[in-house]
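S.K.: Letter by letter, the chains look like this.
Number of protein chains: 2
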Amino acid sequence: MYGAEIEWIAVDWGTSNLRAWIIGADGAVLQRLTSDKGMSQLQRNEFEPTLTSLVQPFIKGERRVPVIVCGMAGARQGWVEAPYETAPCTPPGIGTALPLSIRSAPLEVRILPGVKQDSPADVMRGEETQIAGILAADPRFDGVICLPGTHTKWVQISAGEIVSFRTFMTGELFALLSRQSVLRHSVGGDGWDGDAFLAAVRDGMARPQALASSLFGLRAESLISDLAPDAARARLSGLLIGAELQAARPYWLGQDVRLVGAESLCRQYAEALSAEGLSVSVAGAEDMTLAGLAAARRALEEMQA
Amino acid sequence: MYGAEIEWIAVDWGTSNLRAWIIGADGAVLQRLTSDKGMSQLQRNEFEPTLTSLVQPFIKGERRVPVIVCGMAGARQGWVEAPYETAPCTPPGIGTALPLSIRSAPLEVRILPGVKQDSPADVMRGEETQIAGILAADPRFDGVICLPGTHTKWVQISAGEIVSFRTFMTGELFALLSRQSVLRHSVGGDGWDGDAFLAAVRDGMARPQALASSLFGLRAESLISDLAPDAARARLSGLLIGAELQAARPYWLGQDVRLVGAESLCRQYAEALSAEGLSVSVAGAEDMTLAGLAAARRALEEMQA
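These protein sequences, in sequence, are chains C and W. In terms of our numbering, the first sequence opens at residue 328 and continues consecutively. In terms of our numbering, the second sequence opens at residue 328 and continues consecutively.
So here's chain C without its partners, still in its complex pose (with noise of 0.2 Å):
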């Protein structure tokens, strides 16, 4: 693997983590590096070493190697700022990376922007380059995208471009009530209980207003009625899932909605629109990072051909 020539770098900076994948000729992923160095841990200058001493090994020669990066190594809190492209928009591609000059390694970096929305305020840092995956290998796709996770994304394309989104912080609510909360003593384990969910999310939609008692109604029925922790935790999820759906509804009513996350957390949405009706599709969260870079990548190649 050493041996194999190396094309590209591509980089998925987050909050938590660093992903980068080290990309053959052939657009192969030779290589799959991890590294709990996501932005909330490193100071400005700390983005480069960190950077160029997970890629290093797989260097050779002279050749600056390109590296695309999406995330919020482009922040204001980042490595350097790449400053928001504004909705209704395409997703950034490699014509708005900000590129960097790297002294300590033959690398040449460039940053891919976000998308920042006006009215009602609200922003993305590498879900833009998940939507650029999608339209990448379907260009006329035109529709919903949904992206759960710590911050779902719901967003609506037309004609190539991100013409609104909405942002629900479903995700950080369910970690933060399932493992900070008093909750905690309810919702233990990690089992599932998809009757409890299902039912969880139609109640969430219905009376999304009680949503703070709704979840201290877990706890109390675990005192006094033993309510199973696998029941709890799914509940705990369908209120919250319910409840953005609620509110979601102008993006999916009467839509088909393609999903892009992690797989056990994109297999609650799709059942929670399902038992609404809808058709769902579902993409994998790194297949479709990668492939955004991949046509950040075809992009460049193509501006210094």
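I should point out that these hints are in silico values taken from the structure, not numbers from a laboratory. You may find that some hints are simply not true.
Said to hold, decoys possible - Derived DEER-like restraints, expressed as beta-carbon distance ranges:
| id | chain 1 | residue 1 | chain 2 | residue 2 | range |
| --- | --- | --- | --- | --- | --- |
| 1 | C | Ser606 | W | Asp465 | 58 to 64 Å |
| 2 | C | Gln404 | W | Pro577 | 40 to 46 Å |
| 3 | C | Arg371 | W | Arg359 | 47 to 53 Å |
| 4 | C | Gly422 | W | Ser367 | 53 to 59 Å |
| 5 | W | Ala589 | C | Thr361 | 41 to 47 Å |
| 6 | W | Asp517 | C | Glu488 | 38 to 44 Å |
| 7 | C | Glu590 | W | Pro410 | 43 to 49 Å |
| 8 | W | Arg511 | C | Arg391 | 37 to 43 Å |
| 9 | W | Asp517 | C | Pro410 | 29 to 35 Å |
| 10 | W | Arg511 | C | Ala632 | 42 to 48 Å |
| 11 | C | Pro410 | W | Pro447 | 45 to 51 Å |
| 12 | C | Thr361 | W | Arg430 | 53 to 59 Å |
Think of the CB as a built atom: it goes at the ideal place given N, C-alpha and C, for glycine as much as any other residue.
Got chain C; can you put chain W on it based on the hints?
M.R.: Coordinates of chain W only, in the frame set by chain C:
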């Protein structure tokens, strides 16, 4: 003060804190003691030594001093379980308190039970004693009590009974979101913007389903349009309280509301409810706890007379 005759000791033993009041023969508070040894810090066998070492300096002679305890010390994970009374019921008084035998000091400890509700499932421990305090001062009180806090309670009182109640995790959500979520970067300091608060209450009431996206909007506005931390903090609280008020509407619509809680939090609820045209009165949480424990003490004296 050490010379004054000690009549009894009032104790509020919560999840995070232990508070005790040394009460003299004339009902005067001789000493107010606090400790961070809340229920969550203690093993079962640590409750007795924690209490006795706190109050020991004030105990003289052989007479067993009555100690009346409310709060989480009576939970299953507490000192000893004082099983819940079931609503509808009067606030549990001394008649249903659990007597404990204490070996290490001349104390006669009784723990007041909490109250549960079977459907919708809900529980309280501590608030029932504050309610007893309100009813001790105003036995004919009929209406709605709201007890803002980590787990805010809305309680319907009629004919001296807790008829029904509902708990909202609003305060815990505010604490988690303002300290541990991505919003911590946007809501720093302890400033306050009253107009932003009331606008957010209206928004939270009108669109409770959008909570998880309105919350992320605070982060986005601070990134792209320099939202002031004071405004962000007030809006975070307003969005959460607004959603709660929408769900608690059956409790407060057309009612006067008695608020019991910490002063600054009660002020927020009072402003939000006043904007809905309600008449609101406020009582201090500690005063009501002490009044409720004193009512239990009087009942004990009558039983023993």
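S.K.: If a hint holds in the structure, say so; if it does not, say that too.
M.R.: Each hint tested on the structure:
1. Between Ser606/C and Asp465/W the C-beta distance comes to about 60 Å, which sits within the given range of 58 to 64 Å.
2. Separation of Gln404/C from Pro577/W is about 44 Å and conforms to the stated range, judged on CB atoms against 40 to 46 Å.
3. About 49 Å separates the C-beta atoms of Arg371/C and Arg359/W, a value consistent with the hinted range of 47 to 53 Å.
4. Checked against the hint of 53 to 59 Å, the C-beta distance between Gly422/C and Ser367/W comes to roughly 55 Å, which is consistent with it.
5. Evaluation of the 41 to 47 Å hint for Ala589/W and Thr361/C yields a pass: the beta carbon distance comes to about 45 Å.
6. Between Asp517/W and Glu488/C the Cβ separation comes to about 42 Å, which falls inside the hinted range of 38 to 44 Å.
7. About 44 Å separates the C-beta atoms of Glu590/C and Pro410/W, a value consistent with the hinted range of 43 to 49 Å.
8. Checked against the hint of 37 to 43 Å, the pair Arg511/W and Arg391/C passes, with Cβ atoms roughly 39 Å apart.
9. Distance hint for Asp517/W and Pro410/C: a CB-CB separation of about 32 Å, consistent with the stated range 29 to 35 Å.
10. The given range of 42 to 48 Å is respected by Arg511/W and Ala632/C, whose C-beta atoms sit roughly 47 Å from each other.
11. At roughly 49 Å, the beta-carbon separation of Pro410/C and Pro447/W lies within the given 45 to 51 Å, and the hint holds.
12. Taking the beta carbon of each, Thr361/C and Arg430/W are about 57 Å apart, inside 53 to 59 Å as hinted.
Checked against the numbered hints above, the structure violates none of them.
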